[in-house]
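Residue strings, one per chain:
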Amino acid sequence: MKKAVRIALTGVLAALAVAVGYLEFLLPSDIAGIPGIKPGFANILVMAALYLLGTGEAAFVCAAKITVSWLVFGSFTSFLYSLCGGVLSFAVMVLLKKTNRFGHVGVSVGGAVTHNVGQTAVAALMLGSGYVFYYLPVLLVAAAVTGTLNGLIIKAALPPLSKALHRTE
Amino acid sequence: MRRMKDKLRHDLILVAAVVLCAAILFCVFYFTRSEGERVEITLNGKLYGSYPLSENAVVDVDGICTVTIKDGETFVSSAVCRGQVCVHHKPISQSGESIICLPGGVTVRVTGKGGVDFTV
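Line by line, the protein sequences give chains A and B.
Under the numbering used here, think of the first position of the first sequence as 241, with each following residue one higher.
Under the numbering used here, think of the first position of the second sequence as 33, with each following residue one higher.
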C-alpha cells in the first residue's frame with residue numbers, strides 16, 4: 241500500500257471514529273432501559289485500522305477519537321474515563337489479535353470487556369468506593385453483546401474494504 | 033479453514049466465559065443481599081450524610097442532585113448533570129445496592145447487615 245493511501249485512510253478512519261462517537265453522545269445514554277450502556281461503534285473504526293493498516297495506525301485512530309471528542313464535546317471527566325477505557329481495551333485487542341487464536345468477534349469482545357472493566361475501576365478510584373463493582377455483571381453482559389455485534393460488523397466490512405484498497409495499488 | 037474453525041471456537045469460549053463471569057458475580061451479589069437499614073450519601077469519596085431508610089426525607093446534595101427517601105426506598109429525584117443516568121436508575125432498598133452519579137461524584141448507597149463489603 242502506498243504511503244499516501246495509508247495516511248489518508250488513517251485520517252478517514254479517525255474522522256469517522258469521532259463522528260460515530262459524537263452520534264452516540266447525542267443518543268440517549270440509556271438504550272434498552274439500561275443506564276450508561278453504549279454500543280461503542282467507534283471501536284469498529286479502530287479495529288478496521290488494526291486489521292487493514294497496523295497497530296500504529298490503529299493507536300492513532302483510538303488516540304485521535306479520544307482527544308478530539310474531549311476537545312469538541314466532552315468534559316475532562318469523560319476524557320479520563322475514555323482514556324483509561326481506550327488504552328486498556330486497545331492493548332488487549334492488540335494482544336488478542338497477536339495470539340492469532342481469536343477471530344474478529346473475540347478481539348472485539350475482549351476490547352469491550354476491558355473497556356467496561358477499566359472504566360468501572362476508574363470510577364471506583366475517582367469516587368473512592370468500590371460499590372460501582374455492583375454494576376459489573378450488567379456491564380460484562382453488555383460488553384459481550386456489543387462486542388459480538390461490532391465483531392460481526394467488522395468481519396462483514398473487512399473483505400470489501402481490503403478489496404477496494406487493493407484496487408488503489 | 034481449520035484455523036478459522038479454531039478461531040470461531042475460541043471466540044465462542046471467550047464470550048461464554050464473559051457471560052459466565054457476569055452470572056457468577058450477579059449470583060454472589062444477589063444472594064448476599066438483605067433489606068437495607070441506612071442510606072449513605074458520599075460526595076467525591078467523602079461521607080456527605082447518613083439517613084435511616086425507614087424515615088421519608090428529601091436530601092439536597094450540594095446542589096448537584098436531590099436524593100429522596102420514601103417508603104423504605106431511595107432514589108435520585110433530580111440532578112443537574114446532562115446524562116440523567118442516576119435519575120433514571122430504579123429506586124433501591126437492598127443492602128449493598130447503590131446509585132452512582134459519575135459527573136457529580138455522588139454515590140447513594142444502602143447499608144445494612146448483608147451485601148458484599150467493597151470498602152477499600
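Just so you know, these hints were derived from the structure itself, not from any lab.
There may be inaccurate statements among the hints.
SDA-like cross-link-like pairs, simulated, lysine to any residue; straight-line CA separation at most 20 angstroms [to be verified]:
#1 K395/A x K39/B
#2 K278/A x G144/B
#3 K338/A x K39/B
#4 K39/B x L292/A
#5 K395/A x H42/B
#6 K78/B x G370/A
#7 K78/B x G144/B
#8 K338/A x R34/B
#9 K39/B x A396/A
#10 K338/A x G370/A
Part of the chain A face toward chain B, derived, beta carbon under 8 angstroms [said to hold, decoys possible]:
#11 T250
#12 V252
#13 A255
#14 R341
#15 G343
#16 G346
#17 G368
#18 Y374
#19 A383
#20 L392
For each label pair, taking beta carbons as the anchor points, the in silico distance ranges come out as [stated by the list, open to error]:
#21 A89/B x K338/A: 51 to 57 angstroms
#22 G368/A x R114/B: 20 to 26 angstroms
#23 A255/A x N88/B: 37 to 43 angstroms
#24 K338/A x A48/B: 19 to 25 angstroms
C-beta: ideal position from N, C-alpha, C; glycine also.
Consistency of the hints with the structure:
Taking the CA atoms of K395/A and K39/B, the gap is about 13 angstroms. The hint holds against a cut of 20 angstroms. Straight-line distance between C-alpha atoms of K278/A and G144/B comes to about 32 angstroms, which puts the hinted pair past the 20 angstroms bound. The suggested pairing of K338/A with K39/B holds, with an alpha-carbon distance near 13 angstroms, which does not exceed 20 angstroms. Between K39/B and L292/A, the direct Cα distance comes to roughly 19 angstroms. Compliance with the 20 angstroms bound is thereby established for this hinted pair.
Only pairs whose Cα atoms come within 20 angstroms are accepted, and K395/A paired with H42/B is accepted, the gap being roughly 16 angstroms. Between K78/B and G370/A the alpha-carbon distance is near 13 angstroms, which keeps this suggested pair within the 20 angstroms criterion. About 19 angstroms separates the Cα atoms of K78/B and G144/B, which keeps this hinted pair within 20 angstroms; it holds. Straight-line distance between C-alpha atoms of K338/A and R34/B comes to about 18 angstroms, which keeps the hinted pair within the 20 angstroms bound.
Restraint check for K39/B and A396/A: satisfied, since their Cα atoms lie roughly 16 angstroms apart, inside the 20 angstroms limit. A threshold of 20 angstroms between alpha carbons decides the hint, and for K338/A with G370/A the separation of about 33 angstroms lies outside it, so the pair is violated. Residue-level restraint check for T250/A is violated (minimum Cβ-Cβ distance to chain B is 26 angstroms; threshold 8 angstroms). The criterion of a C-beta within 8 angstroms of any C-beta in chain B is not met by V252/A, whose closest approach is roughly 28 angstroms, and the hint is violated.
Interface restraint check for A255/A: the shortest CB-CB distance to chain B comes to about 24 angstroms, outside 8 angstroms, so the restraint is violated. Because the closest C-beta pair between R341/A and chain B is about 5 angstroms apart, less than 8 angstroms, the hint holds. At its closest, the beta carbon of G343/A sits 4 angstroms from a beta carbon of chain B; the interface hint therefore holds under the 8 angstroms criterion. Here the hint on G346/A is kept, as its CB sits about 4 angstroms from the closest CB of chain B, short of 8 angstroms.
Restraint check, G368/A versus chain B: the minimum CB separation of about 3 angstroms is within 8 angstroms; hint holds. At about 6 angstroms, the closest approach between the beta carbon of Y374/A and any beta carbon in chain B falls short of 8 angstroms, and the interface hint on this residue holds. Look at A383/A: its Cβ gets to within about 7 angstroms of chain B, closer than 8 angstroms, so that hint holds up. Annotation: interface hint on L392/A violated; nearest CB of chain B at approximately 10 angstroms, more than 8 angstroms.
Between A89/B and K338/A the CB atoms are about 55 angstroms apart, so this pair conforms to the stated range of 51 to 57 angstroms. In this structure the hint that G368/A and R114/B lie 20 to 26 angstroms apart at CB holds, the actual value being about 23 angstroms. Between A255/A and N88/B the Cβ separation comes to about 52 angstroms, which falls outside the hinted range of 37 to 43 angstroms. One distance hint, 19 to 25 angstroms for the beta-carbon pair K338/A and A48/B, holds here, with the actual separation near 22 angstroms.
Comparing the model with each numbered hint stated earlier shows that hints 2, 10, 11, 12, 13, 20 and 23 do not hold.
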